[in-house]
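Hey, can you work out the whole structure from these sequences and the hints?
Just so you know, the protein sequences line up as chains A and B, in that order.
If you count the first sequence from 1, position 38 lands on 38 in our numbering, and the numbers rise without skipping.
Adding 1000 to a residue's 1-based position in the second sequence gives its number in our numbering.
Among the hints, a few may not be true.
Claimed, not checked - Distance condition first, Cα-Cα at most 25 angstroms in a straight line; then the derived SDA-like pairs of lysine to any residue:
#	chain 1	residue 1	chain 2	residue 2
1	A	Lys-139	B	Val-1159
2	A	Lys-49	A	Val-146
3	B	Lys-1231	A	Ala-126
4	B	Lys-1229	A	Cys-13
5	B	Lys-1231	B	Leu-1142
6	B	Lys-1230	A	Val-142
7	A	Lys-139	B	Glu-1214
8	A	Lys-49	B	Ala-1162
9	B	Lys-1094	A	Ala-110
10	B	Lys-1230	A	Leu-138
11	B	Lys-1094	B	Cys-1033
What the hints assert, rightly or not - From the structure, some residues in chain A lie toward chain B, with a derived Cβ separation under 10 angstroms:
#	residue
12	Leu-101
13	Pro-102
14	Phe-105
15	Leu-114
Think of the hints as simulated: they come from the structure by calculation, not from any bench.
Because the structure is a prediction, the values reported are computed rather than measured.
Quick reminder that beta carbons are idealized off the backbone N, C-alpha and C, glycines included.
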Amino acid sequence: MSGKDSSLCCLKCGYELNGLRQCICPECGTVFDADSLTLQRDLLRRLWKRSYLPGVILLAYSLAVPALAFLDPQAAYLLGLPFVLLAFPLAMAGGTSSSLLPLLFVGALAIITLNALYVHRGIRHAESWIVISDDALLKMRVTAVVTSALGGIAVMTISWLMSSVIGSC
Amino acid sequence: MPLAVQPFSPQHAITVFACLFAMILFAAFGRRCKRNGRELNLRRGFAAFMIAWQIFTTVWWLLPRNYDIAVSLPLHVCDLAAWIAPFALLFQEKRWLRTMLYFWGFGFSTEAFITPILDHGPDSVHFWLFWGGHTLIVGAALYDVIVGGYRPRFRDYLVATAFSLAYSALIIPFNVAIGANYGYLGQSTPGAPTLIDHLGQWPLRAIWMILLGELFMLLLWAPWAIAGKKKSE
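Encoded structure:
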């Protein structure tokens, strides 16, 4: 097994199976078949994706739409519709940019929370099939919070900028 | 108002102890009923009483002589928790209801006991609605933990956070639009001295309040997580 499988543990005793060359747990002697190990690897890989992907997508999207606006404003307008949908009620509710601050904060925090719930659900599902080390679980949760925080802040910042444009119209 | 209960006065302490005593007594009675197999009837009766109380409170605030759009609508966290509480007790299989009762009841409604926002004494309906309402909410949350066996999990904390944020997202624009202070997330501060006075100017104050709310809810989940971990070890 490669270093990538450091979060893979023995199903029987929970011993970390990092760097093993044979499919036998050195702690309790449990023998694994290749299929079960493939399944475990696959589940872990999906879980890692779940922890970073939503945040990364949000961040990439938030950066891509304004960048696209310089190249093709028409396409940026269509792609940026979700921002407009967020910015419009913000502009209507706010009045001044400072009164939007708590709402932007709530929005970013909501994105982090919903992503944490999504990752938590994935972990609960995976744990019924495989044993995952506490260290790996912590890393996944931190990854989820950090990436979704970046994505959430980016989304709310762009929406805030757009709401000031809508508000001034 | 000579009979008004001033914060941190002996009258305040007596009122809080009376409410606390009633809550503990009721929870102890609930445990006894559980052993006798009569707990379900008690729980249903308690829930029915809470619904009746809440209907009375809502109607009373909406009467023309009491009505003021900035304070009368049942939009405070405690108003919502007071409606959630009976249904959480009635529908125990709906975990999200119990979660909201636990986190909003203990996390937010308990603030009313520490820094009450009330300038009326026992000779006023305000007094009884305020203390009775908050005692019912926190009492229901305590009952659910002691008798119902509710134990918060990490997922519950996240669910409570999601609901609290949704509430904030709706109530902040509403407050801004009508100049109210529901959820104490508006631009004004409550008339009585509270923790909110030390959180600076709005809008930063609203952010601090949301963060403090998160901290309270985290502290309400943490002891159970630690106890669960120690138990499994």
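Evaluated hints:
Taken as a hint, the Lys-139/A and Val-1159/B pair is honoured in the structure, with Cα atoms around 21 angstroms apart against an allowance of 25 angstroms. Taking the CA atoms of Lys-49/A and Val-146/A, the gap is near 14 angstroms; set against the 25 angstroms cutoff, the hint holds. Distance restraint check for Lys-1231/B and Ala-126/A: the Cα-Cα separation of roughly 23 angstroms lies within the 25 angstroms cut-off, and the hinted pair is therefore satisfied. Between Lys-1229/B and Cys-13/A the CA atoms are separated by roughly 18 angstroms; this keeps the pair inside 25 angstroms, and the hint holds.
A hinted pair counts as satisfied when its Cα atoms are at most 25 angstroms apart, and Lys-1231/B with Leu-1142/B qualifies at roughly 22 angstroms. Proximity of Lys-1230/B to Val-142/A is assessed by CA-CA distance (about 23 angstroms); at most 25 angstroms being required, the pair is judged to hold. Only pairs whose Cα atoms come within 25 angstroms are accepted, and Lys-139/A paired with Glu-1214/B is accepted, the gap being roughly 22 angstroms. Proposed proximity of Lys-49/A and Ala-1162/B is supported: the alpha carbons are some 22 angstroms apart, at most 25 angstroms.
Proximity of Lys-1094/B to Ala-110/A is assessed by CA-CA distance (about 22 angstroms); at most 25 angstroms being required, the pair is judged to hold. A hinted pair counts as satisfied when its Cα atoms are at most 25 angstroms apart, and Lys-1230/B with Leu-138/A qualifies at roughly 18 angstroms. At roughly 22 angstroms between alpha-carbon atoms, Lys-1094/B and Cys-1033/B fall within 25 angstroms of each other, so this suggested pair holds. The beta carbon of Leu-101/A is positioned within 10 angstroms of a beta carbon in chain B (closest approach about 4 angstroms), and the interface hint is therefore held.
Checking Pro-102/A against chain B by beta carbon gives a least distance of about 4 angstroms; that is within 10 angstroms, so the hint holds. Interface restraint check: Phe-105/A against chain B, minimum CB-CB distance 5 angstroms, threshold 10 angstroms, status holds. Against a cut-off of 10 angstroms between C-beta atoms, the interface hint on Leu-114/A holds, since the closest Cβ of chain B lies about 6 angstroms away.
In this structure, every one of the numbered hints holds.
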